[in-house]
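Here the structure of chain A is known, so what remains is to put chains B and C in place on it, guided by the hints.
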Amino acid sequence: MIESMLVFGLVNSAVLMLLALGFSLTFGLSGVANFSHGGIYLFAGYLAYFLLKMGLPYFIAVVLTIFITALLGAAIYKLIVIRVRGIVLNEVIATFAIGICMLEFFRWLGFVTYEYSLPYIARGRFTIFETTLDYQRSLIIVVALLLAVFLWFFTHRTKTGLALLGMAQDEYTALAVGIDSDWAATYSFAIGGAFAAIAAVMILPLGIININIGYEVLLIALAVTVLGGLESTKGLILACIILGYAQVITSTFFAPHWKEAVYLAAILIVLAVKPSGLLGKFKELEERV
Amino acid sequence: MKAGYRKERIDRGIKARADDIFAISSYREILYLTGPRILAVLALLIYPLLTDVTGAYWQTVAFIACIIALLTLSWNFLFSVGLVSLGQAYFFGVGAYFTGFFDRTIGLPPLYSIPLATVAGAILCTIIIYPVLRLRGIYFALITFALPLFLMRIIEATGYLGGTEGISGLQRLPGITFSLYVTVVIVLAVTFIFLRLFDTDYGLVLRAIHDNDMSVLAGGLNVQLYKAQAVFIAAMPATFAGALMTLHYRIVGMPAFAVEYSILPLTAAVVGGTGTFAGGVLGAFILVPFSELLRAFGTLRIVMYGIMLLFFVVGLPEGIYRFAQRKYFQFERIVPLEEKADEK
Amino acid sequence: MKKKKALWGLLVALMLLSVWSISGCSPQEAPTQVASGEPIVVAIPTALGSIEGRDGVRAIEMAVEEINAAGGVNLAGEQRPFEVVTIDTREHEAGIPIHDALAALERIILTEEPHAILFGAFRSEVLLASMDVIAEHKIPYIVTTAMTPEMQTKIAENYDEYKYIFRMCLNAPYLVMYLNQMMGYLETEFGFNKAFIVAQDVLWAKGTGGGVEAWLNNNNWEVVGFDVYPTGAGDFSSSLTKARQGGAQVIVPIFDMPQSGVLVKQARDMEVPALLAGFISPAAPENAWDVFEGELDGLINFIFEIGPLPAEAVPMSIEFNKKFGEKFGESARASLAGHAPGPSYDSVYVLKEAIERAGSLDGDAIVAALEETDTYGVIGRIRFDENHQVVYGMDPAETALGGAFQWREPGVRVPVFPEMIAEDDIELPPYM
Chain A
174 MIESMLVFGL VNSAVLMLLA LGFSLTFGLS GVANFSHGGI YLFAGYLAYF
224 LLKMGLPYFI AVVLTIFITA LLGAAIYKLI VIRVRGIVLN EVIATFAIGI
274 CMLEFFRWLG FVTYEYSLPY IARGRFTIFE TTLDYQRSLI IVVALLLAVF
324 LWFFTHRTKT GLALLGMAQD EYTALAVGID SDWAATYSFA IGGAFAAIAA
374 VMILPLGIIN INIGYEVLLI ALAVTVLGGL ESTKGLILAC IILGYAQVIT
424 STFFAPHWKE AVYLAAILIV LAVKPSGLLG KFKELEERV
Chain B
112 MKAGYRKERI DRGIKARADD IFAISSYREI LYLTGPRILA VLALLIYPLL
162 TDVTGAYWQT VAFIACIIAL LTLSWNFLFS VGLVSLGQAY FFGVGAYFTG
212 FFDRTIGLPP LYSIPLATVA GAILCTIIIY PVLRLRGIYF ALITFALPLF
262 LMRIIEATGY LGGTEGISGL QRLPGITFSL YVTVVIVLAV TFIFLRLFDT
312 DYGLVLRAIH DNDMSVLAGG LNVQLYKAQA VFIAAMPATF AGALMTLHYR
362 IVGMPAFAVE YSILPLTAAV VGGTGTFAGG VLGAFILVPF SELLRAFGTL
412 RIVMYGIMLL FFVVGLPEGI YRFAQRKYFQ FERIVPLEEK ADEK
Chain C
15 MKKKKALWGL LVALMLLSVW SISGCSPQEA PTQVASGEPI VVAIPTALGS
65 IEGRDGVRAI EMAVEEINAA GGVNLAGEQR PFEVVTIDTR EHEAGIPIHD
115 ALAALERIIL TEEPHAILFG AFRSEVLLAS MDVIAEHKIP YIVTTAMTPE
165 MQTKIAENYD EYKYIFRMCL NAPYLVMYLN QMMGYLETEF GFNKAFIVAQ
215 DVLWAKGTGG GVEAWLNNNN WEVVGFDVYP TGAGDFSSSL TKARQGGAQV
265 IVPIFDMPQS GVLVKQARDM EVPALLAGFI SPAAPENAWD VFEGELDGLI
315 NFIFEIGPLP AEAVPMSIEF NKKFGEKFGE SARASLAGHA PGPSYDSVYV
365 LKEAIERAGS LDGDAIVAAL EETDTYGVIG RIRFDENHQV VYGMDPAETA
415 LGGAFQWREP GVRVPVFPEM IAEDDIELPP YM
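Heads up: the protein sequence lines correspond to chains A, B and C, in order.
Quick note: to get our numbering, add 173 to the position in the first sequence (first position is 1).
Quick note: to get our numbering, add 111 to the position in the second sequence (first position is 1).
Quick note: to get our numbering, add 14 to the position in the third sequence (first position is 1).
With the rest of the complex left out, here is chain A (with noise of 0.2 Å):
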């Protein structure tokens, strides 16, 4: 018992990890809660869907995915976003209109049946602490290890990296040392939203794509955002592992239905009792409260 709830817990937590990942990186980057990254999500998981549909080879569907769904990322700020940005209410309600048009029209395309799924994309599986485990979950662990170090690499080693990072850090000094902040701010929905699409087509073959996972999406990344602070990697990881836990805890001893409530309170606790997050800066805490 014991065995399986380490091994699922861990897979939980690189699951929440790879959704939250894109909200939290377009967060930290421009500042902007994109609240449409639930309907990026599942876009880019018709998208492969339908790619894969149209017969293209698995490997040359999910780079168009992530590609085509970067764009979309890139679309929503440059056409819409980049409107209302610095009214914090009028970005949010922007983005999280422009995510029930996409989720809501989904739906009324009827995409709401168990055909639509996405395939493994290994089948099989091994035994480890007397537990079974697929390889598609034990590929989620690892991908979502990767895509923490890259993110690291990215913002410490390369030039845009750094200057995304600058920017984040201080608005006027990156602008002084001409660093364009629409530029930085397209940049950072773009990669948002090819994590995005790299979670979609990694978690979704677990089960069949449907629209209420949109919604619920957005409320796991806000959840991991908020209770790991911001900009903080480390924070987003430990985050991550503590809700990946605390649900399979929840959901084997007490029932399953505490699984969507552990996100809400740990929205709520954190913000009520230490609203920079768990290893927030000091910095945050003048912004919100």
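In short, the hints are calculated from the structure, not lab data.
One should not assume that every hint holds.
Listed below are several chain B residues computed to face chain C (Cβ distance under 10 Å; list not exhaustive) [stated by the list, open to error]: (1) Ser137; (2) Tyr168; (3) Val172; (4) Ile178; (5) Arg264; (6) Ser279; (7) Gly280; (8) Met356; (9) Ile362; (10) Val363; (11) Pro366; (12) Ala367; (13) Glu403; (14) Arg406.
Calculated lysine to aspartate or glutamate pairs in the EDC-like style (CA-CA distance at most 16 Å, straight line) [claimed, not checked]: (15) Lys336/C / Glu80/C; (16) Lys256/C / Glu176/A; (17) Lys341/C / Glu80/C; (18) Lys251/A / Asp355/A; (19) Lys226/A / Glu288/A; (20) Lys256/C / Glu303/A; (21) Lys220/C / Glu276/B; (22) Lys226/A / Glu307/C; (23) Lys226/A / Asp304/C.
Ideal placement from N, C-alpha and C gives every residue a C-beta, glycine not left out.
Coordinates of chains B and C only, in the frame set by chain A:
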């Protein structure tokens, strides 16, 4: 726009004259000022009598519009104090469940259970939200977004208050005309009270918190306390809406916390113009019938809300009410740019 | 500035236009062919977006078309056609306000003035709330999805108010009856005595789960666990772990949400050595095998009412499948839901006969005539009991029939239960 010209807005003559105390001197000016308000109030009061003309169905629609209007009034009140709510369903649901609870366990008649649920609900809402009142902007919005969903999950998980099935078979209200009249009167009363409240000294403090809470703090006032009072006042119309809706449909369940009760008031407020009480009511009365007309499109109507929301946020952030107000009081004309003035 | 505004206007206009044209394509009313005269309006207020709703409406449209082509309804000597109107209540989605579903029902009653309502509410919760609306408007109402037995309790308690409501689909107690018989069979055949129940957190599923649990406890079974999942849940690993730890031989799933298919996939991924026997709505249709990439092998799934599963013992069900495939295409037939299409199809004929017997469109007269119904349809023999529930049993010549099939390589559904329709014995899948 042609080069060398600019657009200019000027108050209409009658507005300039009527703005003064001398308005009393002419019935035309009085009408100009009060006409639109009187028309709106009369329309709201007469409409419920027209059951035969409109059919029972559109009476129900008007009732739902009133409910959403109440939620929007509450939203606008919070907004005027600098609190942005993404979860009006929170207040609505708490009011609804209190009514269901009073009705089922104590068997209170609606005459008592509705006011009691309104006040008790508002108190509970304020207590729950008190610890996070120091948060601002998006963080407060996040809390309100998460709260109704959280309460919904709690009820689902614990099975209290009827769990997933809810509490059904509550006492009956006299009928749609009665419910409609009650809400119409309450909508008008709340609009009036809120407008007046913001003209008092007390309202001035609330407005100041919206504009700059640091300076209010510097003025030696307890911002936290004022915000708590504002939440209590703002919660009441919303908890009342929940209470009445519950008894009208004789059922309360988890959907009382549904996201729709958050999205609709938000959209209505944005459409009408954020921060304007009359605008919010106007927005609700535009949005709800509009969405009923779209019912044939199924879930596509939610997409429509989304597009509407997007259009108003990006294209017309001032909202319909301020836009109409401007057109009513002012006119626009193209005037040539005075180049000499520019040189100075 | 002006240009920008004009552009916005154009954009919105374009969107509205495109929406208009798209929605214009979906026919809302079935065409009338032979019969003439004022049509008899039949309303369907339900969750049109659910697979049960989609297929139920199709089945009703098919029946209406057949009846109209054959001359319509003989109402006191006059041949009148049926006309179908639909409205979407969206109630299959979690978190849709009940008032919204009721508003849709009220709207279609007040604007279309239907003579009868078919299919009815999708969710049990909405059905119970709808009963008060129906009582007010006094319109015959035949339910073919919602399964709560509380409907019958309400009718029994207040017959005069609620007598307009009838149900032709399986209800939860009958499902419990079928499941219990099946468990008894598994016990005698394979010596199983440990079961794990997983159900969806909705009225009918929890009720069914509770019924099965009680029976198992009284019959020397060990119930390893009984977990309830909220609608929309997509991860069942905690229950599967518990089932495996407890050594459950049978897992009884009771779900009507599309996500529940994940349960089967996950059970295979975790190599849980237990037979799945119950109801998983997405695993019921014929095309499910391909959708789940063959992971369904061995699963025993119920078909709530014969019809979507062609059974030799009920010739009309084979006929129904053939006609459905011809009218809506093979792929539509292959995805027929396991619940609702059969009784929905029959409900039109039952209504037609009742109207002809009553000789009037008056609600009370039709209700009186409906109570006398005794006919054969694709679900077997149709008779209502005193609380307006069609009687289900084991023999299609005597009662209406539900059944179960087992998924087998290479993707066929073999009817295995009850005996009257069984074409083979239950086999244990290779992983057990």
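Hint check against the structure, violated hint numbers in rising order | Structure breaks hint 1 only.
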